[in-house]
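There are 2 protein chains.
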Amino acid sequence: MTEMPARAKAISELVDRMLNGDRVALARLITLVENRSGPSPVIMSRIYPRCGRAYIIGITGPPGAGKSTLTDRLVARARSEERTAAVIAVDPSSPFSGGAVLGDRIRMQSHFLDPGVFIRSVSSRGSHGGIARSTRDLVRLFDAFGFDLVIIETVGVGQTELDVMELADTTVVVLVPEGGDAIQVMKAGLLEIADIFAVNKADRPGAGRMQTDLEAMLQLRGNEPWVIPVLLTEGTRDGGTDALWQTIGAHREYREAQEARSQGGAERREGELLDILDEELRRRVRWKLAHPPGDGLAAIIEAVRSGTVDPYSAALEILGDEGRMAALVEAPDASR
Amino acid sequence: MTEMPARAKAISELVDRMLNGDRVALARLITLVENRSGPSPVIMSRIYPRCGRAYIIGITGPPGAGKSTLTDRLVARARSEERTAAVIAVDPSSPFSGGAVLGDRIRMQSHFLDPGVFIRSVSSRGSHGGIARSTRDLVRLFDAFGFDLVIIETVGVGQTELDVMELADTTVVVLVPEGGDAIQVMKAGLLEIADIFAVNKADRPGAGRMQTDLEAMLQLRGNEPWVIPVLLTEGTRDGGTDALWQTIGAHREYREAQEARSQGGAERREGELLDILDEELRRRVRWKLAHPPGDGLAAIIEAVRSGTVDPYSAALEILGDEGRMAALVEAPDASR
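Taken in order, these protein sequences are the chains called A and B.
Numbering (the numbering used here) for the first sequence: 360 to 695.
Numbering (the numbering used here) for the second sequence: 360 to 695.
Same shape as in the complex, but just chain A (with noise of 0.2 Å):
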């Protein structure tokens, strides 16, 4: 075996420990992964042949529809079975009101000393389609590393949320009764993408007609083989939660009945292979516009920061000479 770079070694060994068990080397590889620094795509080529025993679930909602409750009822059922889980929260970062998050999160300190319970959140506002991405791979990571489960809640409901959502195997969409009629939830797309609905706060005027418009609205679809349910829970009374759990099982069982059945999956691991060069490049080309070489790249950057260039303008001269575009993309390293 040929020495590897000292850097390469370290995270080699960090992937080795992690996959023996080992807390402390997962957190350092969460931060790795979520940073989106350079090795990102080296641990996940490693970690990638561990992957897909773990059963995702996603849980999205509008804000104050009260998920973080019904992922912490979640979370009790599935230790109550003895599996473990890992709660993923995708927040939007936030100075002013990180504490508040953080404090939110104290609910869930009821599992903080189970070491069968991991709770991270992803955090990266203004990435750029990095959520998805970066959620992607820390769901890979607590898979690899052997939990149960992993539960993908959001704070929002956007579409930032909605394609986080396709790396969930069953999609709870959590609604309040009065957080608008069944045409809104078509509206924010969320019926194409739930699995089940969960109508939370059961106790407040409405859930029963939010439940039948919901529905009716579903009959709309036709014959469908998954016929999404509409159950009535209330977080916070821990009513509801055990159908909500059974029904999530139910699920599990329809898709891996589905899944026996068909293959493929081409597309989306060529998707996937764009992604993850589109995200270098991204990389490559910011840490270049950085740091110019000079090659008059370092003159059209300081035009468009002083204005007297617009950003279209640029982007037409660097992506038309070849040579430039070249030395855009080339590694940083390999540049100096």
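Bear in mind the hints are in silico, worked out from the structure with no lab data behind them.
Glycine included, each C-beta is placed from N, C-alpha and C at the ideal position.
Wrong hints could be hidden among the right ones.
Not everything, but these chain B residues come out facing chain A in the computed CB check (under 7 Å) [to be verified]:
#1 P422
#2 V516
#3 E520
#4 K546
#5 L590
#6 R628
#7 E631
#8 L632
#9 L636
#10 R641
#11 L675
#12 L678
#13 D680
Knowing the structure of chain A, use the given hints to seat chain B on it.
Chain B alone, transformed into the frame defined by chain A:
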């Protein structure tokens, strides 16, 4: 003048017609920019010098808060002052719910025959940061065309929507009394982007309480030059929309006074250059993955598709080979 290629000439003519007030040309350019097709940076570099006149208002908040109705009211206010308005509705695309979204837009038909109003949905689901970029380019098209106001309205409220709101000069966050407490607003990152809060559907119980809670929370921020107002509105009965309209005007005056005092924008412009380069690189790599040049790339892609090589290992192999990288980011036309 040297002869331009036919396509470049057609685009140049289209831009000229648009800048002279041709709405058909505007609609065609919108489609080109929305599709993120090749000429998009060319179009944008042409119209960039004509931008900077329009005022941009963002309307966001959870599904069902009544954002469309409030937007409709604001458009009516603008028109009553003889100002033109373009509305960009950021909707998750959805083959199933498409009809419902359009149906909801029927309300906006009060402005349908008014040439001073233009309404357009952006719905590029799953485009990895593409929504914020498409929306930015669309805002610029409307700006260059000469609309006085551009209103960006989101359907959901999540990471993408927070990013989109960075385009707005004034951001209005619309909430409903029952949509969760003030803590939820903080958790969802809404406090940081709000210039104005509108507690809509203010006839419902809890509206006054929510207003008080938000104001109390905002006081924790200490002395800020702009004190974020919390207004009560009733979009469906047009209640409070005059006050909202005037408050937007007050924020505009505040902002313009601030801007007169500050320079800058260098970081923003450089970030935009990175975004444009990144989008074009992604487009080129996607094309090359679908049409691999005959240098071993085809074999790697096939291995990923069939699952014999994982996407991370394949990416590392491609990224480690400078020649292959250069081929990957060459313009598709040059590779034939």
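Hints, one by one, checked against the model:
no., hint, verdict
1, P422, "4 Å, holds"
2, V516, "5 Å, holds"
3, E520, "4 Å, holds"
4, K546, "5 Å, holds"
5, L590, "20 Å, violated"
6, R628, "5 Å, holds"
7, E631, "4 Å, holds"
8, L632, "4 Å, holds"
9, L636, "5 Å, holds"
10, R641, "5 Å, holds"
11, L675, "6 Å, holds"
12, L678, "6 Å, holds"
13, D680, "10 Å, violated"
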